[in-house]
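Asker: Heads up, the sequence shown is in full-length UniProt numbering, so the first residue is 1 and it goes up one at a time.
There may be inaccurate statements among the hints.
[What the hints assert, rightly or not] Across the chosen pairs, the derived CB separations fall in these ranges: (1) His8 to Ala114: 31 to 37 angstroms; (2) Leu117 to Gln27: 18 to 24 angstroms; (3) Asp91 to Gly59: 33 to 39 angstroms; (4) Lys73 to Leu117: 27 to 33 angstroms; (5) Lys62 to His124: 45 to 51 angstroms.
Quick caveat, the hints were computed from the structure, so don't treat them as lab data. Each residue gets a CB set at the ideal place from its N, CA and C atoms; glycine is no exception.
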Amino acid sequence: MIVGVVSHEQNRHDSHTLPEILRHVEQSRGRAAKQAVCDRGYRGKREVNGTQIILPGKGLKKDTRYQKDKKRKQCRRRAAIEPIIGHLKSDYRMTRNYLKGAVGDRINLLMAAAWNLKLIAVAHFFVFLPVAKITSFTDSLIDQN
Numbered sequence: 001m002i003v004g005v006v007s008h009e010q011n012r013h014d015s016h017t018l019p020e021i022l023r024h025v026e027q028s029r030g031r032a033a034k035q036a037v038c039d040r041g042y043r044g045k046r047e048v049n050g051t052q053i054i055l056p057g058k059g060l061k062k063d064t065r066y067q068k069d070k071k072r073k074q075c076r077r078r079a080a081i082e083p084i085i086g087h088l089k090s091d092y093r094m095t096r097n098y099l100k101g102a103v104g105d106r107i108n109l110l111m112a113a114a115w116n117l118k119l120i121a122v123a124h125f126f127v128f129l130p131v132a133k134i135t136s137f138t139d140s141l142i143d144q145n
């Protein structure tokens, strides 16, 4: 599920968008994030507005085995997002932005909402379909008696 999307007027580098994204996260969650697991495009800062930035890479020599495993697990969770981005690009034609200007960017943001609606619809289908089958089965048993 996509929980936040931010549109930018200019084509800015990833590292310059992070403070705005963290403000958006704080606004939607009601509290600031303690950690942000980012890709290597956010290199350069270890902390932004009190949020620790975690980047993938080799662990430090002084890190314990526990610290290395914890960091590896966090970066794997971030890697799980990449297929969702791939689906958005292929299923919703977001490989290139053919729509001009800020209005086009906002339309692309609506595609993220469409992705969430699709996930909700699939979840409801799998949750309520078994209930409907059980109900129809018990109704047929009652009708036979």
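Asker: Does 45 to 51 angstroms hold as the CB distance between Lys62 and His124, or does it fail?
Answerer: holds (49 angstroms)
Asker: Verify the CB-CB distance for Lys73 and Leu117 against the hinted window 27 to 33 angstroms.
Answerer: holds (30 angstroms)
Asker: Could you see if the CB distance from Leu117 to Gln27 stays within 18 to 24 angstroms?
Answerer: holds (22 angstroms)
Asker: Is the distance from the Cβ of Asp91 to the Cβ of Gly59 consistent with 33 to 39 angstroms?
Answerer: holds (36 angstroms)
Asker: Could one say that the CB atoms of His8 and Ala114 fall in the range 31 to 37 angstroms?
Answerer: At roughly 21 angstroms between Cβ atoms, Ala114 and His8 fall outside 31 to 37 angstroms, so the hint is violated.
Checked against the numbered hints listed earlier, the structure breaks hint 1 alone; every other hint is satisfied.
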